[in-house]
Amino acid sequence: MRFLRFLVREFLIHGIVFAVAGTVILSGFYLLSIGAPIESYGETVRSFFLLVSGSEDFSTAHPGFSSGRIIASGAAVTLPLALMALIILTLIALAGSAYAVTGRYLARHHGHTGQERLDGVLSLFTSILAAVPLFVGFWVLANAFGSDAPFPIIAFITVVLGGLSWDATNFLKTDMLSQVETTHAIVFSTLGHGLGRFFPRPGTYSGYLFSSSLPRFIPYLAGKVPAIIGSVTIAEIVFSFPGLGSTLLDALLATNTDLLVASVFILLCVNAVVAFLVKTILFLIYPRWYEKAI
Amino acid sequence: MKKLYNILRIVCLIVLALPLALAWVPSEVFEGLVPVSLVESGYLHSLFLSFRELSITLVATMLFAMLLSVSLGYISVLSIRVGRGFSNVLNAVESIPSILVALFCYAPVSGYLARHSSAASTTMSLIVFVLAATVTTLPEAVRSIDIPLSDLYNRKYSLSFRSYGFTKQRILAVLMNTALMRNTLKRVAAGILLKTLVLDCSFGFIIQLGFGSYGTPAHLSPGALIAAHRDALFEGGEPILFWLPSIMLITISVAFLLMLNDSKEETE
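These protein sequence lines map, in sequence, to chains A and V.
Numbering that gives the first Met the number 0 numbers the first residue of the first sequence as 0 and each following residue consecutively.
Numbering that gives the first Met the number 0 numbers the first residue of the second sequence as 0 and each following residue consecutively.
Everything labelled a hint here was simulated from the structure, so no lab data went into it.
The beta-carbon is built from N, C-alpha and C at its ideal position, and this holds for glycine as well.
Incorrect hints may have been included.
Computed footprint of chain A on chain V; a stretch qualifies when at least three of its residues, placed anywhere within it, have a C-beta under 8 angstroms from a C-beta of chain A [as the list claims (entries may be wrong)]:
1) 91-99
2) 197-207
3) 224-235
Just chain A, with the same shape it has in the complex (with noise of 0.2 angstroms):
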C-alpha cells in the first residue's frame, strides 16, 4: 500500500502530471503573449499528442525534427550527463564532508589540527572553484576539446564550477559536523572503527555519521535536479551537442512553436525522471524518512 502510494505520488503526479502541466502552463504563456491565434492552440495541442505517441507526422510545418529524434535527443545526451553530473556531485560530497568530519574529530578529541587547516584551504579553493561561472569554464574546455569533449569532463566542470558541489558538501558537511559533539557520535568513536578519512565507508566513524546525516541529504539532491538539468542544458549549447538544450535554442531562432513545446516537455520529463530515481533511492532505503519529507 505505501509502495503504491509513493508510486502514484511520485510517478503520477510529480512526474506524468507536473511534466505535462508545467509543459501547458508554459506553452499557454507563450502562444498567449505572443498573441497567437485561437486556431494555433488547437495545433500546439494536436502537435504535442503526436509527439507523445511518437507519431511520424509531429510538427508537419516544420520538417527535420521528428518526434524520434527529439526524444532521443534527451535519452542520449541530456539524461546521461545529467545522472553523470549528479553522481559525480554525490561522491564530492561525500568525499568532501568524510574529510572534513575526520579533521574535526581528530582536533577535538586527539589535538591534531593538521587536516582540519588542510580542509580549511581546501574549502577555500573549492569556494573560489564555485565562483568560476559554469559557462566560462564550458568554454574553455571547448577551446580545448572542441565539441569532443569526453562526457564525464563536462560532468564534473558542471559540478565544481557553479557552486553545485560547494553546495552539496557544504549541507552534507553541516549536517555532519553538527553530531560530532553528539552522545552517539563521541560512543562510535571509542569502538576502535576506523575513520573512513576519505570516504564514509560503512562501519568507519565518518560512514556511521553519514548513515545519520543520508535521509536529510538525499530529499537535497533531489531538489537539486532541475539545477542540473538547467546546466547540463547550457553545456549542451555551449558545446553545440544534439541536446534538448540546443533544440530549445533552435525552436526559439526558428519560432517553431511545436519544436518548442517538444524540447520543454522532454526536458521536464528528463527532470522528472532523475528526480524520481533520487526519491525512489530515499523510499527503499528509508521509506519513514521519505513518508516524513511528505
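With the hints as your guide, set chain V onto chain A.
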C-alpha cells in the same frame, strides 16, 4: 582579535565587490590604465556599461525578491493553510530549471524588444529579467524564511507571548526582528544576489551564443560581453577580452559566497 578579523573580512568583501561600484565611475578615468586597443574598440565602455546594468539588476532583484520573500514567509507562518498552498506552487516552480523560466519569460517580449527603441527595450528587458530572476529565487528564499520563523514561533518564549494575549501577527513581527531572523535575512539576500548573478550572466552568454547581437535580453550583461569576445581565446586573439570580465565576475561571486558563508556561521 575577533574585531580585527571582522574588519579584515569587511575590507576583503568590499575589495571583492568593488567592480560593481567602480562600474559607476566614468570609464574615461581608466583609459590610461588599459591597452589602447580596448579603449579604441569601445570594449572598455561596453565593459563598464555591462557591469553597471548588472549592478542595477542585482539591486532591483534583491529588493523585489526580498520584499516578496519576507511577505510570503510571514504569511506562510501566519496561516498554515495558505502557507501550504504557497509551498505547493513554489515547489512546482522550483522543479523547472531556472534557465528555462528565464527563456520563457523572454520569449513573449522578444517582439516588443526588437520593435522598440534602445532605451525602452533596455528598461523592458531589465523588468522582465528581474521578474524571471525573482520567480526562480523565490522558492528557496521563502523556505529559508518560513522554516526558522515557524521554529521560533513554536519555541517556549513565544508561548509566553501568547499567554500575555499577543496576537499571532504581533508575535511574528517581534520574532522577525530577532538576531536569528536578521542573520537569516542576510543569508537569503546573499543567496538571491548569487543566484541572480549566475542566471543573468549564463542567460546573457547563451542568448549571445544563440542569437548574436540581435537577441534578447536587450540589456547588456557581462555574460553577453564574454560570449561576444569568446573568440579571444583562439590563436591570435586577445585573451584579456575574455578573461577581464570573467575575473571580475569571479571576484564578485566570491564576495557573495563569503557573505553567504559568514551569515550561515552566525546563524549556526
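Taking the hints in turn, this is what the structure says about them:
Under the rule that three or more residues need a Cβ within less than 8 angstroms of chain A, the assignment of the region 91-99 of chain V holds, with 8 such residues. Using a Cβ-Cβ cut-off of 8 angstroms, 5 residues of the region 197-207 of chain V lie near chain A, which meets the minimum of three, so the contact claim holds. Figure legend: the region 224-235 of chain V, annotated as covered by chain A; annotation consistent (5 residues with Cβ-Cβ distances under 8 angstroms, at least 3 required).
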